[in-house]
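Engineer: Following the hints, complete the assembly by docking chain L onto the known chain C.
Residue numbers (our numbering), protein chains in the order written: chain C, 1 to 106; chain L, 1 to 394.
Certain hints may be false.
[Stated by the list, open to error] Restraint-style ranges between C-beta atoms, simulated for each label pair: (1) C:P76 to L:K185: 27 to 37 Å; (2) L:E255 to C:C100: 33 to 43 Å; (3) C:G37 to L:T110: 41 to 51 Å.
[As the list claims (entries may be wrong)] When the alpha-carbon atoms are kept at most 30 Å apart in a straight line, the in silico DSBU-like pairs for lysine-lysine are as follows: (4) L:K78 to C:K41; (5) C:K52 to C:K40; (6) C:K40 to L:K78; (7) L:K54 to C:K34; (8) L:K54 to L:K133; (9) L:K78 to C:K52.
[Unchecked claim] Covered stretches of chain C (chain L as the covering partner; in silico rule of three or more C-beta atoms under 8 Å from a C-beta of chain L): (10) 51-63; (11) 86-100.
The set of hints was computed from the structure by calculation and includes no laboratory data. All C-beta atoms, glycine included, are put in the ideal place defined by N, C-alpha and C.
So you can see what is in the structure, the chains are spelled out below.
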Amino acid sequence: MSKSLSHPLALIIEEIPFQPGRSFVHQVDSDQWKELGLLKKDRLLLEFRPLKDQDLALILHHGQGILTRYRHSPTPRFLPPSPAPAIDHTDAVLQGVVVCLIRTMG
Amino acid sequence: MSTRSILHLDADAFYASVEQAADSRLRRKAIAVGGLTRGIVASASYEARARGVKTPMPTSQALRLCPDLILVPADFEKYERFSQLMFAYAYDLTPELEVCSIDEGYLDLTADRSGHPRESALRLSLQIKKDLKITISQGLASNKFCSAVASKLKKPNNFIEVPAETEKEFLAPLPVRWLPGIGTKTEPRYLEAGITTIHQVASLSLQELERLAGSSAPDLHLFAQGIDSRPVTPASADPKSFGEQETFDIDQVDELFCLATLRAMTDRLCRKLRREGFGARTLSLRIRFRDMEDVVRSDSLNEPSPFENDFYPLLQPLLRRSWCSPKPLRLVGVRLSNLHKYLPDPELPLTGLPQKSATEKLQLADATDLVRSRFGNQAILRGHDLWLRKSKLT
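Here chain C stands alone, though its shape is the one from the complex (with noise of 0.2 Å):
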């Protein structure tokens, strides 16, 4: 039995996709977003809200789900990681923004 599923939250968070609401799971599956701090296998609890400056935000762009940093200003704009270029908010869709870390650890 690993580790994870004996956490307390491990049913709580198996659950998520089924409950109607605002709140999502999302699995990373790649190492691409180290330079945010995330690792492959880290799942990430996206809720589904109106963008605040500098929120990390999951958005599909080009058909493509992307982790990005939400500026504001000077004109809303998503920022991927280095060295892609900035995304003008109209050219995506938020999917969510991230307000929880899943790691198992072990």
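Structural biologist: Only chain L this time, still in chain C's reference frame:
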């Protein structure tokens, strides 16, 4: 009874619109979702519809009508996410929300706090358009039937309100095919009898209508008068899944027995799926150990399916991943979720093996379901059913 305010929300060309929202390069272009594995268009953008592309339509025919059509593979996970976000806005208005499918739902706004259901509906539409970049059509009326018709009458991005006491007049001029249960197969019967509009159906006596509609005549008669007392039924904990679980008489250590039980459950759940016209994409397996510890593991198919055969390969790996400890099992359960309307095959014969295979699979499953409903579940047994029966006898 006081007048209700029922809002029907219907997303426009949902799969195609989501793809256009997710990729700005596809916006304002003729695109179609699907067509790559099953050979049929599952959803077409309004730009493609303007060129004659419809659903379900064979891809080859769609490409003949619209040579620059962009085909996009279906990404059901994306559609499920958008659906959940769309309904999250609806939940802001009322908990009285009945999600009918991935892109349709009813809201009972009778107790709307603002007292202005129309304004609430328009605000909902604007929020979804602004944040999700998809459009919805809505109908507001005193009952579910009229609100659903209103939402579908002039798509896309539309809102129609049917004032109370005008339901019958609203429906009267519409063709009979707008009535529930009257489709492409049954409509000719009405047309042959000279009945083309809902007004004519409303004018028939119940006895006359029974000759055409049989046992559904009483309901149909009420619908034609604009009367529908069905409540909006908010689903319980999980509105969009089918599940089953079984507590064993004796705690189990036999993987084969557990697997056979899980397969039999999956059979029954898939039968339910087919009966409701759905396919599921995600299978979740739950086990409970003797010490009451629960483990849940899920896996998803790339495309939704109503066939148990497609889910069988997921069961054993999930069971092994979950059952990592030598403890006996007290309970096993299966849940099928992420449901999608299973796309009916077009009537045209199609070329290409995958499509033919899907049609045949559905026909075979329907025939099996029919035999079981007439002669009992034991009439047709799979290998695991035989195995379970033998285990229970010994």
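Engineer: For each hint, tell me whether it holds in the structure or not.
Structural biologist: Comparing the hints with the structure gives:
{"no.": "1", "hint": "C:P76 to L:K185: 27 to 37 Å", "result": "52 Å, violated"}
{"no.": "2", "hint": "L:E255 to C:C100: 33 to 43 Å", "result": "35 Å, holds"}
{"no.": "3", "hint": "C:G37 to L:T110: 41 to 51 Å", "result": "48 Å, holds"}
{"no.": "4", "hint": "L:K78 to C:K41", "result": "19 Å, holds"}
{"no.": "5", "hint": "C:K52 to C:K40", "result": "26 Å, holds"}
{"no.": "6", "hint": "C:K40 to L:K78", "result": "20 Å, holds"}
{"no.": "7", "hint": "L:K54 to C:K34", "result": "44 Å, violated"}
{"no.": "8", "hint": "L:K54 to L:K133", "result": "22 Å, holds"}
{"no.": "9", "hint": "L:K78 to C:K52", "result": "24 Å, holds"}
{"no.": "10", "hint": "51-63", "result": "holds (count 4)"}
{"no.": "11", "hint": "86-100", "result": "holds (count 6)"}
In the structure shown, a violation is registered for the earlier hints numbered 1 and 7, in ascending order.
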